[in-house]
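Chain residues, written in single-letter form:
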Amino acid sequence: MPATPRVCACGKKAADVKPNIFLPREAEIVRVEKTTELERVFTLRLADGGRMEFAPGQIVEAGLFGYGEIPLGLASSPTRKNTFDLVVRSVGRVSSALNRLEAGQSLQLRGPLGRGFPLEELRGHDLLVVAGGIGLCPTRSLIQYVLDRRQEFKRFTLFYGARDPKQQLFTSELADWRKSKDVEYHETVDKGAAGWTGNVGVITALFSKTRIDPGAKIVICGPPIMFKFVVRELDKLGVPHRNVYLDLERRMKCGVGKCGHCQINDKYVCVDGPVFALSEIEHLEEAL
Amino acid sequence: MHSHYIKEKDFKAFVAKLIAAKPVIGPTAKASRQQERFVFAQLSRPEDLRLDYDVTILPPKKEFFPPRQDLLSFDGGRAKPCLEPVEKVLFGVHFYDVKALDMTDALFQERNEDRNYLAHREAATIVISNVQKVSPRAFWASIGTEVKPRGHDAWLTKVAGGYVLETATTKGEALLGFGSFAAASESQIGEARRVNESAAGKCPKALRGTSASVAKKVRAAFGNEPLWTELAKDCFSCGSCNTVCPTCYCFDVQDWWNVDQKSGARTRYWDSCLTEDFAKLSLGAGAAENFREERAERFRHRFMRKAAYLNAKLGGPACVGCGRCSAACTADIADPTEVINKIPEAA
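Chains as they are written, first to last, in the numbering used here: chain A, 1 to 288; chain B, 1 to 347.
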């Protein structure tokens, strides 16, 4: 007897029915690194053995059954191996539960979601990345990408600001960048500490350390307060707003443009962003 | 498709037969209330169907997007979806609520199709009933009039001696088998049309301006902070306006465990953009960022959503004029006609 095709009560054949957009897949934790008091870097691979296909700047909803999900920017470049990184800062119930996990255990994730950095627009140009605090995590996906395909980009400059030296993330990578000829790296901390000989002050002070060409493409990610001040510096340099990209943070609860929490005026950050050109959102009163 | 007629004396038997065949959700009076109020509920007998209702407390979207809906269930690290749509008949929906359902259909459909809503929606047969009684807060005759009701399967209109049932789909045609229907005469069809048209004149409240002019002036008023502060000054941030709105579809998602602390479910709940923490996120170390911290900002966001932001997607405002928010508002400051009519015309 031929098998009867499974039919949903809605009348559609099971094969025609799109999957549940809330059903996550499993990712195994290859490695966990305690990078600061609050943050953990998770190196992950998909449990089904598949490769995580994503673009730098995209996000995932990472979670644990019984706790919930949180939005996280992918923190490594798709050019790197078969693993990918996520950084979790313990701020609430879900993130704290995630940060109790150890290598060998699993978490669930949905994604990649949203719109990442516009690689096509960035290629062949000077690039400045301005990362403040935990904003280094999503931009690291782009930084690594540029370093791995260095010849596709012109001059590459990176500004990184942290609250104090102890809050610096990815310290061994920072050490590499300080020495690297592939990136002109400038860093600062809001508050110095014993043994710190680097810059102390706000991130915008780093603009005086180097020269940024007005034709450069700019990527900014950091705490909400930082964007306005960085844009002010870029305006002084005469960088057109269509060349400035912001990676924004909002409460991206569902990640699929439905639940409403991440809205900026009529945009849903989780699907329209999280990366936006400044020219695209500067007329939106709730954006910056 | 076609118009059919059923006599008043045969109508009860039609509804009874339908109830016997499948779940029928219809307007019914809420028990033990001094002032009679109505809800959509599953009917167990035809006498409970109250097509003379004015408006229901909650809109019928709850049949497809319930206040609490499991998205998946889990056991340890394994999860499965919870979709078990039931074929049912939504009977006696007013046309403005059908317009709202058509909007939520489009919004759950766009970009990332949400089967948790759509599967329930597609399994339903929707029958409109003409508005026999108009609620004291209604203004559906003056908002989004260019957007016509769509997505219903049949339209029932009370006329002299019986009802005209105009079918719109094959699902609507299938209803005919449950009752003693005859082809409607030209005069019955004409009477049904007049009954529906004349209802429009009975709305007690009215919005001034076209959808486009309203959208323009509301959007232009964004930066008028004194106006929004004044409009929202008595707002309790309770979210009642969201809760009763037929086009609101924001939600929160929460996990919960069974007592075994191993199995449980991921559940979505209606959420309200008027509540204080809707756009708030934690930054760690006790710090937080609230992207709509002020009541006026949240109040304004709701009006932008209803009158301006979604118009391009929906072909008109995301408001159908049911008046539920206006009646439900704790401080009675939510009436869209009062709010929008106060906003000055855009320059």
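There may be inaccurate statements among the hints.
[As the list claims (entries may be wrong)] Distance windows between CB atoms, simulated: (1) A:Ser106 <-> B:Ser237: 34 to 40 angstroms; (2) B:Glu47 <-> A:Gly50: 54 to 60 angstroms; (3) B:Lys262 <-> A:Arg211: 58 to 64 angstroms; (4) B:Lys233 <-> A:Asn199: 45 to 51 angstroms; (5) B:Glu110 <-> A:Gly198: 58 to 64 angstroms; (6) B:Glu345 <-> A:Gly50: 53 to 59 angstroms.
[Stated by the list, open to error] Heads up, incomplete: computed chain A residues facing chain B, CB under 8 angstroms, no partners named: (7) Asn20; (8) Leu23; (9) Phe156; (10) Ser172; (11) Ala175; (12) Pro224.
Hints in this document: simulated from the structure, not taken from any laboratory.
For every residue, glycine included, the Cβ atom is placed at its ideal position computed from N, Cα and C.
Comparing the hints with the structure gives:
| no. | hint | result |
| --- | --- | --- |
| 1 | A:Ser106 <-> B:Ser237: 34 to 40 angstroms | 39 angstroms, holds |
| 2 | B:Glu47 <-> A:Gly50: 54 to 60 angstroms | 58 angstroms, holds |
| 3 | B:Lys262 <-> A:Arg211: 58 to 64 angstroms | 59 angstroms, holds |
| 4 | B:Lys233 <-> A:Asn199: 45 to 51 angstroms | 46 angstroms, holds |
| 5 | B:Glu110 <-> A:Gly198: 58 to 64 angstroms | 48 angstroms, violated |
| 6 | B:Glu345 <-> A:Gly50: 53 to 59 angstroms | 56 angstroms, holds |
| 7 | Asn20 | 4 angstroms, holds |
| 8 | Leu23 | 6 angstroms, holds |
| 9 | Phe156 | 29 angstroms, violated |
| 10 | Ser172 | 23 angstroms, violated |
| 11 | Ala175 | 25 angstroms, violated |
| 12 | Pro224 | 6 angstroms, holds |
Hint compliance for this structure: hints 5, 9, 10, 11 are not met, and every other hint is.
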